[in-house]
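Colleague: Given the coordinates of chain A, work out where chains E and C should sit on it, guided by the hints.
The primary structure of each chain is shown beneath.
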Amino acid sequence: MAEAVFAQFLTGFSIVAILLIISLGLAIIFGVMRVINMAHGDFIMIGAYVAYVLQYYLHLNLFWAVPAAFVVLGLLGVVVEWGLIRQLYGRPLETLLATWGVSIILQAGIRLTFGPELRYVKAPDALSGEFPVPGSNLPFPYFRLFIIVLALVLLLMTYWLLYRTDLGMHVRAVNQNRAMAAVLGIDTRRIDSAVFAFGSGLAGIAGVVVAPIKTVSPIMGFKYAVDSYMVIVLGGVGRLAGTLAGATVIGEGETVLAFLFNNVIGELLVFTMIVLVIRVFPQGLFTIQHRRTENL
Amino acid sequence: MTTRILETHGLVNIVSGHTIIDHLDFDIEEGELRVLVGPNGAGKTTLIDLITGRFPPTAGQILFRGQNIAGWPRHRIYGIGISRKFQVPTVYENLTVFENMAIGLRGHRRAFSSLVFRVTSEHAAQIERILAQVNLLARAADEAHTLSHGEKQWLEIGMVVASEPRLMLLDEPTTGMTRDETNTTAKLIKEIAGARSVMVVEHDMSFVRQIANKITVLHQGQKLAEGSVREVENNLKVAEVYLGREKISAAP
Amino acid sequence: MIGLTGLSRSQLIIALAVIAGFFVFPLYAGAFRTDQLGLFLCYVMFALSLDLIWGFTGILSLGNAIYFGGGAYFIGLALKLQYAATHATRYGEGAIPDFMTWNGLTEIPRWMRPLRNVWFAAPAGVLAMGFLAFVFGVITFKRHIYGVYCAVITLAESLIFEELIIEKQAYTGGFNGITDYDSYSGSLHFYWVILAVTVFFFWLSRKLTTTHFGMVLRSIRENELRSEFFGFEVANYKIFVFTVAAMMSAVAGGLYAALNGIVSHQDIGPILSIEGVIWVAVGGRGTLIGSMVGAILVKGAQSLLSEQFAWIWDLLVGFMFILIIVLMPDGIMGALLRRARRRRAIAAGRMPAYEAARIEETPTT
Chain A
1 MAEAVFAQFL TGFSIVAILL IISLGLAIIF GVMRVINMAH GDFIMIGAYV
51 AYVLQYYLHL NLFWAVPAAF VVLGLLGVVV EWGLIRQLYG RPLETLLATW
101 GVSIILQAGI RLTFGPELRY VKAPDALSGE FPVPGSNLPF PYFRLFIIVL
151 ALVLLLMTYW LLYRTDLGMH VRAVNQNRAM AAVLGIDTRR IDSAVFAFGS
201 GLAGIAGVVV APIKTVSPIM GFKYAVDSYM VIVLGGVGRL AGTLAGATVI
251 GEGETVLAFL FNNVIGELLV FTMIVLVIRV FPQGLFTIQH RRTENL
Chain E
1 MTTRILETHG LVNIVSGHTI IDHLDFDIEE GELRVLVGPN GAGKTTLIDL
51 ITGRFPPTAG QILFRGQNIA GWPRHRIYGI GISRKFQVPT VYENLTVFEN
101 MAIGLRGHRR AFSSLVFRVT SEHAAQIERI LAQVNLLARA ADEAHTLSHG
151 EKQWLEIGMV VASEPRLMLL DEPTTGMTRD ETNTTAKLIK EIAGARSVMV
201 VEHDMSFVRQ IANKITVLHQ GQKLAEGSVR EVENNLKVAE VYLGREKISA
251 AP
Chain C
1 MIGLTGLSRS QLIIALAVIA GFFVFPLYAG AFRTDQLGLF LCYVMFALSL
51 DLIWGFTGIL SLGNAIYFGG GAYFIGLALK LQYAATHATR YGEGAIPDFM
101 TWNGLTEIPR WMRPLRNVWF AAPAGVLAMG FLAFVFGVIT FKRHIYGVYC
151 AVITLAESLI FEELIIEKQA YTGGFNGITD YDSYSGSLHF YWVILAVTVF
201 FFWLSRKLTT THFGMVLRSI RENELRSEFF GFEVANYKIF VFTVAAMMSA
251 VAGGLYAALN GIVSHQDIGP ILSIEGVIWV AVGGRGTLIG SMVGAILVKG
301 AQSLLSEQFA WIWDLLVGFM FILIIVLMPD GIMGALLRRA RRRRAIAAGR
351 MPAYEAARIE ETPTT
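Residue numbers (the working numbering), protein chains in the order written: chain A, 1 to 296; chain E, 1 to 252; chain C, 1 to 365.
Do not take every clue at face value.
Stated by the list, open to error - To give an idea of the interface, some chain E residues facing chain C are shown, with a C-beta separation under 8 Å as derived from the structure: (1) Tyr78; (2) Glu93; (3) Asn94; (4) Glu99; (5) Gly104; (6) Arg109; (7) Phe117; (8) Arg118; (9) Val119; (10) Ser163.
By construction, these hints were calculated from the structure, which means they are not laboratory data.
Cβ atoms here follow ideal geometry from the backbone N, Cα and C, with glycine treated the same way.
For reference, chain A alone in the conformation it holds in the complex (with noise of 0.2 Å):
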């Protein structure tokens, strides 16, 4: 018994690693612009349906479809921003119900073009196979392992970008406080577009992981953004730790009460003890305390 949780306590980190893909690009979002993008789960629908793309039409190995699905999302994350998100700037409530009518026109689309059919996506044949995780005899899937090096690839990347670059502090200086930053000559609008681009590119790549371990479908997306959003909820804004200690209770949560008791279950216990957090920290667990002098 101990043994099989250990065992389950290990694939949640893949799934732990995927939370944190999709949260990071919500979560830089969130704090740049204060926006919930209700079609961040269909960035994802569309990334898992460029691997399938890739590999079903053009034969291609789906580490093509890493950067293949940061570069199509990227793009659609500008249109969506300039064309719908910039025109509702200041209503967050708006912008969110706003992207809930992307979210059904990406899904309709989706249905239109490819049918409503489940796709299926392999993993590439370098990564197909198991091994046994060090001090045991578990087996641990080779492709697993990929997501859980992609994900830290993509999160030192992503701290790198924030603190170790012009732009990067650029953001964080917009995340603080917009007004000021406007006043310094930040082009908050190039800020925004670029966040909101590289969130959503984020959100296409874990489409690509996605899809060799779910099938893939119009509504596949939503349930991992519900999941990110209580990412958000539990972590907090404004730092990078809160996202990974949000992604890690969130993902390993799940995945070790659902093998306990089921999968609803293991749902509702998590979302009750996100419920418990928020009470004492209203806030998230990691959001920057600022001097509050403006109203509200």
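Modeller: Chains E and C only, in chain A's frame:
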């Protein structure tokens, strides 16, 4: 002998390691009109936030008529008679001026009592009297977002008056006003102040001179000086804080 | 009468005419359209409840279908149990609903037995949903969780409920839902009952929103912090209106289940929750009338169009919704009311025309 309506003892507020209010001992007397000045970041608005329960203080006491209200919820602090105006005029934009005032009226705070509450002709008369005071009677039926910045300031002051507090905290009531409007506001505040205690936070020294008997200067969360306008203006420490200026009166 | 409704004479005449129109509709339309209109009226009540919490109080709840679906499941289950008990030839001596048998239950669980009486199930469902909303309301609003946080948390609640319904199939019929029971489909009297409840809910919503209580709700929508410093316990107001709205939704859901003859997990999930928000946004929030118009318009268009253009309906909804949000933030009724108000203001000489034009351009909230 005068009694103190508000006293703070050793009041401390620390946010993310920054001390905003630093062991502040401060008091206001019953019926007094006090002006609070100080450079940006001195902690003036934070002091109002602490008194009205926006955040609990890190340490220290806030005594209102002898009762420690530090850490009380906002509605209870309102309930014992403290009402505030925000720095940026904060009114209900899509409600009419009259409706804004009706929200301000004292009483009927609980959900169930507001279900049966009716604005009677007495209430209406009270609202109209206050609206006349703040020059907004003609605008009573208009929605608040049609008001100018200065008119919104007056509306919020009117709402605070309608809530009949014992202590009124007015955060920068003349920001964005023309000279004439500022003068009217000065007159208005002096009228209001007779019946109750008022604390005004202000930058505009000519306005301060019009209304103030006693000024308190805050600096880095501490009381730097206190006294009459003349005493404070001639205080060397105060001049030093307002860097490079001869006197406080040169402050913006 | 005028005093009781708070409507002006002309408004009252219009309202009575509309009600009369709905009343006589089934006498001229077929049973199919009558049933359809009855279902729309259930959606109208659902939209009204959403308008109370979102349009008037500013709480964007993406989980309101929990209460609609909850009410529906109480009634669906009750009617199914009744059906099983009275159709011994189909369900055998045990009188157990088919989905329970399929999932290995040999008798109706003890706790579920009182639901065999629909006159117990109906009030129990409404009270249970009210209690659930009260608990969720306390959890959410007492800790100042608002805005997008509130939206995504209620969304997650709705999703979890839908998954629970699918998971606990022995008690809920699972993915297929509860079907095959005696519904009130085709009953003229039941349609009139639904109409009467709808009118009552409209009257109740109007009462709630036109009293001082309603004004406080709007003040919370406009600026909740300002209201707190004016001594209102904002959380209590929110919990109160959230609970009332949930009970309205539960009634609507129960009537829906009784008329529709099928209850499924979709009736409790996020899709319906958000669909309701779309109706209210399209019709115009904070107007009551707007939410009702929106529900009938969108649902009506859906049933008319999707009979022929099912494949493109979703695309249409998506684009229409985005356009409304961006270009008509007050919705259809909101825009009409704004125009009327502007005309009145100019006529009364309270506002110069250019000022009024500016107002028309300024979106609310």
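Colleague: Does each hint fit the structure? Answer for all of them.
Modeller: Hint check:
1. Interface restraint check: Tyr78(E) against chain C, minimum CB-CB distance 3 Å, threshold 8 Å, status holds.
2. A cut of 8 Å between beta carbons decides the hint on Glu93(E): the least distance to chain C is about 6 Å, and the hint holds.
3. Hint on Asn94(E) holds. Least Cβ distance to chain C is approximately 5 Å, under the 8 Å limit.
4. At a threshold of 8 Å, the smallest CB-CB gap from Glu99(E) to chain C is about 6 Å, leaving the interface hint in force.
5. Annotation: Gly104(E) was flagged as interfacial toward chain C, and the flag holds, the nearest CB pair being 6 Å apart, inside 8 Å.
6. Look at Arg109(E): its Cβ gets to within about 5 Å of chain C, closer than 8 Å, so that hint holds up.
7. The interface hint given for Phe117(E) is met, as the beta carbon of that residue sits about 4 Å from the closest beta carbon of chain C, less than 8 Å.
8. Contact between Arg118(E) and chain C, as hinted, is supported at the beta carbon level, the nearest pair being about 7 Å apart and thus within 8 Å.
9. For Val119(E), the interface hint holds, since its Cβ comes within 8 Å of a Cβ in chain C; the closest pair sits about 7 Å apart.
10. Taken as an interface hint, Ser163(E) checks out: its beta carbon lies about 6 Å from the nearest beta carbon of chain C, inside 8 Å.
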